[in-house]
Amino acid sequence: MNGPVSDRLPRLLALVPYLLARPGVRIDEAAADFGVTDTQLRRDLELLWMCGLPGYGPGDLIDLSFDSDTVTVTFDAGMNRPLRLSAAEATALVVALRALVDTPGVLDTDAVQRALAKIEAAAGVADSTEQTPMVVGLATREEAATATVRDALNRRRALRLRYYTASRDAISDRTVDPMRLLLLEGRSYLEAWCRLAEGVRFFRLDRIENVTLLDEPANPPAHARPTDVSAGLFRPAPDQQVAVLVLGPDAAWVSEYYPVDEVVELGEGLSRIRMRYADEAWMVRLLLGLGSEVTVQEPPELAAALRRRARAALDRAGHLQSL
Amino acid sequence: MSTARAERLVNLVLCLLSTRQYLTADKIRTIVPGYGDTPTDDAFFRMFERDKAELRDLGVPLETGRNSVFDTVDGYRIARRDYELPDIDLEPDEAAAVALAARLWDSPDLAGAARGALLKLRAAGVDVHDEDTAVQPRVRAAGPAFGALLAAVQAGRAVTFEYRRHPGDATQRRTLEPWGVVSWKGRWYVAGHDRERDAPRCFRMSRIVGDVRATGPAGVVRRPDGVDLLAMVGGSWHHEDHGPAGTVRLWLAAGRAQGLRRRARMLGQRTVDGVDGDLMEIDMHWPETAARWIAGHGPDAVVVEPDWLREMVIGRLTAAASSPPEAAATSEVASARNEAVRT
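As given, the protein sequences belong to chains A and B, one line each in that order. Following the numbering used here, the residues of the first sequence are numbered contiguously, the last one being 325. Following the numbering used here, the residues of the second sequence are numbered contiguously, the last one being 436.
With the rest of the complex left out, here is chain A (with noise of 0.2 Å):
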């Protein structure tokens, strides 16, 4: 998708319209609006001012009316609509409203849907999904919490929170002050300040055992920002241990769902991948599970820590067995 050659000409374009639109708009929200700083808002405007129809007399130029922080256009030399939506404006628009209709439960779908008729006739979009280059599934389910969990963020309330964390394979209690519902590769996520650990933390919707809404209002502290997940929701950490694993074809999966430094090809369907990880009990599942399809290289101390846990299962089933 070709971005536009520079953003000051489309702009130009918008701003008649836009202030016709809006008579008397304060120059700091129209800069607002667009995106841009107050003083460029300004060049902008002494620019459209200098601009016009053939003859370019007094009568012919932009005319616009200066109060000391608002601005009115009282001539608009026929530039009094925007320009159309661009193939590219549209597509981005069309494919992301279409994503979020089927999103029952977690948004108002109701209104995406009428948003979406109305955008497609301005856009001259075909209302159909036939001929569209591209599409996009977010698929999002309803879990159990995510009811209550919208309601805590739009009543702006604490929540009770009873959540099973994979990493540690553990269920605890804590309270929170949610911050977002983030709606990322087909999951669903809480991003709150937990007021046990102290932090800003995510919580995986299909993790939350329970939940209950409480009465006090959510206070998230004014430090508490949220995380940037534009390179995904798990960022390396300095203090976390390097494994160095050996993956057959049928492991080959953990390179794409984990996030790995290293991927090295051996052949014969065989990967080299070098992984971090904060917790050695956590990699000790993960790679148990994997069995004849993984073996680690390094650290030495976790190919240990695996091999002993086998051993220890090997011998309880054994136990099991001879009951």
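A couple of the hints might just be wrong.
[To be verified] For each label pair, taking beta carbons as the anchor points, the in silico distance ranges come out as:
(1) Pro399(B) with Arg164(A): 30 to 38 Å
(2) Asp135(B) with Asn82(A): 30 to 38 Å
(3) Glu264(A) with Ala146(B): 36 to 44 Å
(4) Asp318(B) with Pro301(A): 53 to 61 Å
(5) Pro337(B) with Gly201(A): 36 to 44 Å
(6) Asp304(B) with Arg164(A): 27 to 35 Å
(7) Asp119(B) with Leu235(A): 58 to 66 Å
(8) Ala149(A) with Pro337(B): 45 to 53 Å
(9) Gln362(B) with Glu264(A): 42 to 50 Å
(10) Ala172(B) with Ala146(A): 53 to 61 Å
[Said to hold, decoys possible] With a Cα cut of at most 25 Å, we get these calculated DMTMM-like pairs of lysine to aspartate or glutamate:
(11) Lys120(A) with Asp180(B)
(12) Lys120(B) with Glu100(B)
(13) Lys145(B) with Asp9(A)
(14) Lys120(B) with Asp135(B)
(15) Lys278(B) with Asp104(A)
Worth flagging that the hints you see were computed from the coordinates, not collected in a lab. Note that the structure is predicted; figures quoted are calculated from it, not measured. Here a beta-carbon is modelled for each residue, glycine too, at the ideal position from N, C-alpha and C.
Since chain A is already given, all that's left is putting chain B on it; use the hints.
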């Protein structure tokens, strides 16, 4: 963009919007401020060509034509009905949905295009507030293959690329008639007709190695009617609610294997090897997944029945218990692993 150029382009748009007659390039040169200063014809035409290209890139519909049969060259104008965004009015909840949709994209190209659309909607008088919302759907960038694949779909052209089916496999050259790009659960695919296989296929974009090259003429690839791209990639996800394939009885050590316990039903208590625990029952959907999951819990989870699942788990544990004690050289590991894989 320089102020002079921006001013010239705005004036050009206003001029062409206001005329019903086609205006020739020479006429435009004499009318629109900024072109008159060009020293030579050559310089003017270069400048004018660049300006036309920029306007077309933005989606400004430049019409070309002649006013009469006596005209010797084409002229230009902009038809207002093609230029202007039609009337649109959104209720507050609809505007909120549009704002949410625009923020779906976590990739620069798509996010930029969506922001451009919002800008025009605001210019049409719609109040769309671009602020953080409680629910935030996100779709991340697709990676380097995306742009070329989308362009090929839009142009109706076939593409070739090197593809690695699984990590560890050698790459294969594939030729695809692309029907569409698809994001499913945050992962990006291209779906279409695979010429070598002569069958519909989906490809993960992240497994495409190197450049995607368009091949053959444009306009030859058409998606057959009735193809559901999401279903091609996601399969029968929407109808996945089939019941479990069976149940598994497990012994779980007291207070351990929480990941299994939270899905299990209690049957009774039992002590094994001096360790307290519970007999529990769990639904099984996929045997391979169940075996991997149970084996992962080591001595904390033991299969009671069925026997064949217990054997699958013990197979995994045996392999892990006998893994080489020292970090071996890659080649040795690889050959040992090859044997293990083949047996």
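Notebook entry, point to check: When the hints from earlier in the document are held up against this structure, which numbers fail?
Noted result: 6 and 8
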